[in-house]
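**Q** Chain by chain, the residues run as shown.
2 protein chains.
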Amino acid sequence: PPPSSLDPEVAARLRRTSDGLVAAVVQEHGTGDVLMLAWMDDEALAATLTTGRATYWSRSRGELWRKGDTSGHVQHVRSVALDCDGDALLVRVDQVGPACHTGTRTCFDGRDLGALDVATADGEPGDHP
Amino acid sequence: PPPSSLDPEVAARLRRTSDGLVAAVVQEHGTGDVLMLAWMDDEALAATLTTGRATYWSRSRGELWRKGDTSGHVQHVRSVALDCDGDALLVRVDQVGPACHTGTRTCFDGRDLGALDVATADGEPGDHP
Numbered sequence: 026p027p028p029s030s031l032d033p034e035v036a037a038r039l040r041r042t043s044d045g046l047v048a049a050v051v052q053e054h055g056t057g058d059v060l061m062l063a064w065m066d067d068e069a070l071a072a073t074l075t076t077g078r079a080t081y082w083s084r085s086r087g088e089l090w091r092k093g094d095t096s097g098h099v100q101h102v103r104s105v106a107l108d109c110d111g112d113a114l115l116v117r118v119d120q121v122g123p124a125c126h127t128g129t130r131t132c133f134d135g136r137d138l139g140a141l142d143v144a145t146a147d148g149e150p151g152d153h154p
Numbered sequence: 026p027p028p029s030s031l032d033p034e035v036a037a038r039l040r041r042t043s044d045g046l047v048a049a050v051v052q053e054h055g056t057g058d059v060l061m062l063a064w065m066d067d068e069a070l071a072a073t074l075t076t077g078r079a080t081y082w083s084r085s086r087g088e089l090w091r092k093g094d095t096s097g098h099v100q101h102v103r104s105v106a107l108d109c110d111g112d113a114l115l116v117r118v119d120q121v122g123p124a125c126h127t128g129t130r131t132c133f134d135g136r137d138l139g140a141l142d143v144a145t146a147d148g149e150p151g152d153h154p
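Note that the protein sequences, when read in sequence, are chains A and B.
Heads up: the first sequence runs through residues 26 to 154, numbered per UniProt numbering.
Heads up: the second sequence runs through residues 26 to 154, numbered per UniProt numbering.
Treat the hints as calculated values from the structure; they're not laboratory data.
Note that this is a predicted model, so its numbers are computed, not measured.
Built from N, CA and C at the ideal position, the CB exists for glycine as well.
All the given hints hold, so there is nothing to weed out.
Here are some, though not all, of the chain B residues that point toward chain A, as calculated from beta-carbon distances under 10 Å:
{"hint": "1", "residue": "D32"}
{"hint": "2", "residue": "R84"}
{"hint": "3", "residue": "F133"}
Far from chain A by the CB rule (all over 12 Å, computed), these chain B residues:
{"hint": "4", "residue": "G87"}
{"hint": "5", "residue": "E88"}
{"hint": "6", "residue": "L89"}
Turn these sequences into a full structure, and let the hints guide you.
**A** Below you can see the structure in the form of structure tokens.
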């Protein structure tokens, strides 16, 4: 691959998938809501860190994708953290408009899986073992 | 692969990686904090949905992993949502103890990447384009 503009110290900490990507969890700064999951390669992370505009790798289109360039639904980046084992990023953003391309506010809205037996979960003793 | 106990209607909506996994974003129910990113195969998702105990696929160990069985740091599942394109789950949990195996509360705590020019991000007009 061509040399990346990503800080070599950061690049050395990434544990990438076989196709060179790290998962990016995108969380809204103000509400704490999880907006979406996206993917970053080294260039996308470098662009995100240097421009403050969330930039991802589109697996379906096979190209860099600066969120909002087409939709206007821009993400202004507040912070980026790398997890303990280097395979996930937490990107905190201010979101303009809906985050999801379907028009919902987050990509998870209204998409709960019904199979969970909530009664069982609620019957657990909560925060204590 | 052997037949899975996962609801076929749910299984049909999953868009798995080449190694059969879906990313699971784990969020604390009470605080909204993103605790960790983990991975689920069909069996892990089925177990999570039917038992209310968060269960993942460990990529490093190559086995199912019910969170807390060794550490005691159990996750009681409140809800599970599948995102718009079927490649990510949002698992909301009540977390017992720290979520991270390193002992930090989340896997992202204290791990911000310093390269972001926060002044630039703060200079953006916030929620409006």
